[in-house]
Amino acid sequence: MTGLAPHLFNGLTLGMLFALIALGFTLIIGVMEVINLAHGALFALGAYFALTILGDWSAGTAFGAWWLGFPLTVRYVAALVLAPILAGCAGMVLERCLRPTYDKVPLYGLLLTFGAALVIEEAIRLLWGTGEKSLALPEAISGAVLVGGLIYSKYKLFAAIFALAAIAAVWLFLERTSYGAIIKAGAHDSEMVRALGYDLAKLRMLVFGFGAGLAGLAGVIMVPIWGLRPHVGVDVVIPAFLIIVLGGVGSFWGAVVASLLVGLTVGITGAYASAWSTMSMYLLLIAVVGVRARGLFGRKSALEN
Amino acid sequence: MTSLADIPRRAGAWVTPPMAVMAVVTVSAPLWLGPVGLHQYLGIEIAIWIIYALGFNLLFGYGGLHSFGHGAYLGTGAYAFGLFQHHVAVSLWGGLLAAVLTAGIAGALVGAIVSHRRGIYYALLTIACGQVFWFVAVKAHWLTGGDDGLLSIPRPALRLGVTTVDLNDNLAFFYLVIAVLAVTVVGLWRLVHSPFGRILQAVRQNETRAAFVGYHVWRFKWAAFVISAILSGLAGGLFAMAQQSAYPDVMSLHQSGLVVMMVLVGGGLVGFWGPVLGVALYFGVRDFLGALTETWLLWYGLMFVVMVMYRPEGLAGILHSVQAKLSCAPVLREKPTE
Numbered sequence: 001m002t003g004l005a006p007h008l009f010n011g012l013t014l015g016m017l018f019a020l021i022a023l024g025f026t027l028i029i030g031v032m033e034v035i036n037l038a039h040g041a042l043f044a045l046g047a048y049f050a051l052t053i054l055g056d057w058s059a060g061t062a063f064g065a066w067w068l069g070f071p072l073t074v075r076y077v078a079a080l081v082l083a084p085i086l087a088g089c090a091g092m093v094l095e096r097c098l099r100p101t102y103d104k105v106p107l108y109g110l111l112l113t114f115g116a117a118l119v120i121e122e123a124i125r126l127l128w129g130t131g132e133k134s135l136a137l138p139e140a141i142s143g144a145v146l147v148g149g150l151i152y153s154k155y156k157l158f159a160a161i162f163a164l165a166a167i168a169a170v171w172l173f174l175e176r177t178s179y180g181a182i183i184k185a186g187a188h189d190s191e192m193v194r195a196l197g198y199d200l201a202k203l204r205m206l207v208f209g210f211g212a213g214l215a216g217l218a219g220v221i222m223v224p225i226w227g228l229r230p231h232v233g234v235d236v237v238i239p240a241f242l243i244i245v246l247g248g249v250g251s252f253w254g255a256v257v258a259s260l261l262v263g264l265t266v267g268i269t270g271a272y273a274s275a276w277s278t279m280s281m282y283l284l285l286i287a288v289v290g291v292r293a294r295g296l297f298g299r300k301s302a303l304e305n
Numbered sequence: 001m002t003s004l005a006d007i008p009r010r011a012g013a014w015v016t017p018p019m020a021v022m023a024v025v026t027v028s029a030p031l032w033l034g035p036v037g038l039h040q041y042l043g044i045e046i047a048i049w050i051i052y053a054l055g056f057n058l059l060f061g062y063g064g065l066h067s068f069g070h071g072a073y074l075g076t077g078a079y080a081f082g083l084f085q086h087h088v089a090v091s092l093w094g095g096l097l098a099a100v101l102t103a104g105i106a107g108a109l110v111g112a113i114v115s116h117r118r119g120i121y122y123a124l125l126t127i128a129c130g131q132v133f134w135f136v137a138v139k140a141h142w143l144t145g146g147d148d149g150l151l152s153i154p155r156p157a158l159r160l161g162v163t164t165v166d167l168n169d170n171l172a173f174f175y176l177v178i179a180v181l182a183v184t185v186v187g188l189w190r191l192v193h194s195p196f197g198r199i200l201q202a203v204r205q206n207e208t209r210a211a212f213v214g215y216h217v218w219r220f221k222w223a224a225f226v227i228s229a230i231l232s233g234l235a236g237g238l239f240a241m242a243q244q245s246a247y248p249d250v251m252s253l254h255q256s257g258l259v260v261m262m263v264l265v266g267g268g269l270v271g272f273w274g275p276v277l278g279v280a281l282y283f284g285v286r287d288f289l290g291a292l293t294e295t296w297l298l299w300y301g302l303m304f305v306v307m308v309m310y311r312p313e314g315l316a317g318i319l320h321s322v323q324a325k326l327s328c329a330p331v332l333r334e335k336p337t338e
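Order-wise, the sequence lines are chains U and R. Position 88 of the first sequence, counting from 1, maps to 88 under my numbering, and the rest follow consecutively. Position 284 of the second sequence, counting from 1, maps to 284 under my numbering, and the rest follow consecutively.
Just to be clear, a hint being listed does not mean it is correct.
[What the hints assert, rightly or not] Taking CB as the label site, the calculated pair distances span: (1) R:Tyr41 - U:Asp235: 52 to 62 Å; (2) R:Thr208 - U:Pro138: 50 to 60 Å; (3) R:Ala13 - U:Tyr102: 35 to 45 Å; (4) U:Arg99 - R:Val213: 30 to 40 Å; (5) R:Ala112 - U:Ala168: 26 to 36 Å; (6) U:Tyr102 - R:Thr208: 36 to 46 Å; (7) R:Gly146 - U:Tyr102: 52 to 62 Å; (8) U:Phe70 - R:Gly290: 34 to 44 Å.
Don't read these hints as lab results, they were simulated from the structure. Where a beta carbon is used, it is the ideal one built from N, C-alpha and C, also for glycine.
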């Protein structure tokens, strides 16, 4: 059992992080009925913003010298807050481009975001270079920690706890605030929400920004584990996709449960056949969707037509 | 917006004026490719991708079935061709047959799973299945050579009765690909105007209604998937010959998405010739813009985004509305989507 424990832990951590990515994704699908293929690109963008905010580029300039004077922890917290906001802004710009596609079949939204993902990825190559980068981490969350006779990476613990807190915050936001109620109502029946006098255009923009911000946040948190490359977005958007389909499109708990399931599957397969661990999640998906067309918690959606 | 069903066509003809134009352009290509500053090899690549894109558009444009994992069948065909040359025999027809059969079987299996679905679930499942193929290609080192791919695939000679043509000459190979392309174009043209093609379009317009009229919708969706996988496999076999290698990159989501982009930019949703325009434009942009800037994909992507926003009918749609204006026929009004 002790042999399996680290893999279970790894799997759960991965699951939490997947859930963070998938939540933004499912929120956008639920409210906007847009499959945002650029979600992974926004994830990467968030991580690259964090890289810039941490400031390894700016040593030459006066501002850079001033900024690098701050301790790493301060800069890291700034990155953790600002990078998702910037990614959210990028998301809002993308939403603005999506507007002409709203009254057409969902395919166009999907295609547009695919193009946008390509553009963002190329822009990242242009701005930050093609090489592999890494985020500097503060002392407090790097290194290893001993729990119950097993060595864990401190960062993974931090990432898991942070992701759990973020998921809880999103849930509280959706369930316990009036904004959350409007968003959920928008997902259920956007015509009615508009009829009640809410500005649907603004709501959509905010939801897209919020979802993109979650993607950016997941990027900042996940990249120290996965590494930062321009095409990291593609590696991420695929699991997020699978999780959404597995959990059922537009379902909060579906996304969370499916994320944990996928995380555990990948973690446990990693223990026995590490080369094939990514493969297991595709097989899981095909197995589940072959039996339950709409995933674990899915309901009928407008996207099926 | 305009759709495939709005465009009048000469349905019964075996050969149409656009086909004649295309035949003239392709057959004369070796004469003008050089002077324009392009390589003969580019012509081969474009012709192969046109076969692939046309096959893909049977599913995408005519069937309205949005596969985002079609690279898998191109790749399967390429690997099958390479493995046949390496392990069975060095033979052109044998290799192409192996490519077509393997891709067809793969398509039949995946099609059986995905054809029960529609809309976005269809797209998602094709992505998942495509990723499985890509993943196996990367990981199954003993079979596919992993990331490096299968190398040094020979170009077997073409045996035609008494004569033998050496296909290592790019010009000879180009004409072989053109011949295959011609057969594909005529065959697909007949297919989309056959009852099968009509029913496929009915499925696109309203699947539930097509089912109520009495058609076994699953069977048509599955058949369309298999045919397009077979054509992708054929293109893949030729591609393996052209590149003299087969590698997993063509199966990635990125590459599968590129063919979707090409078909859409060209106007595959609006006309039979859309994919041809789209592929030519993509490779043209790649070669001309790629010579100027390394970030040509950024500009192509931006062009694509703008096109989806404002002219989702693509090049074929633009040409069609220009033609309609010139002939003073009433231009098709914007209609609410199906």
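Going through the hints against the structure:
The hint said 52 to 62 Å for the Cβ distance between R:Tyr41 and U:Asp235, and at roughly 32 Å that hint is violated. Separation of R:Thr208 from U:Pro138 is about 57 Å and conforms to the stated range, judged on CB atoms against 50 to 60 Å. Here the CB-CB span from R:Ala13 to U:Tyr102 is close to 40 Å, well matched to the stated 35 to 45 Å. For the pair U:Arg99 and R:Val213, the supplied restraint of 30 to 40 Å holds, since their beta-carbon distance comes to about 36 Å.
The hinted window of 26 to 36 Å between R:Ala112 and U:Ala168 is violated, with their beta carbons roughly 42 Å apart. The hint said 36 to 46 Å for the Cβ distance between U:Tyr102 and R:Thr208, and at roughly 23 Å that hint is violated. Checked against the hint of 52 to 62 Å, the C-beta distance between R:Gly146 and U:Tyr102 comes to roughly 43 Å, which is inconsistent with it. About 43 Å separates the C-beta atoms of U:Phe70 and R:Gly290, a value consistent with the hinted range of 34 to 44 Å.
Figure legend: structure checked against the earlier numbered hints; hints not met, in rising order: 1, 5, 6 and 7.
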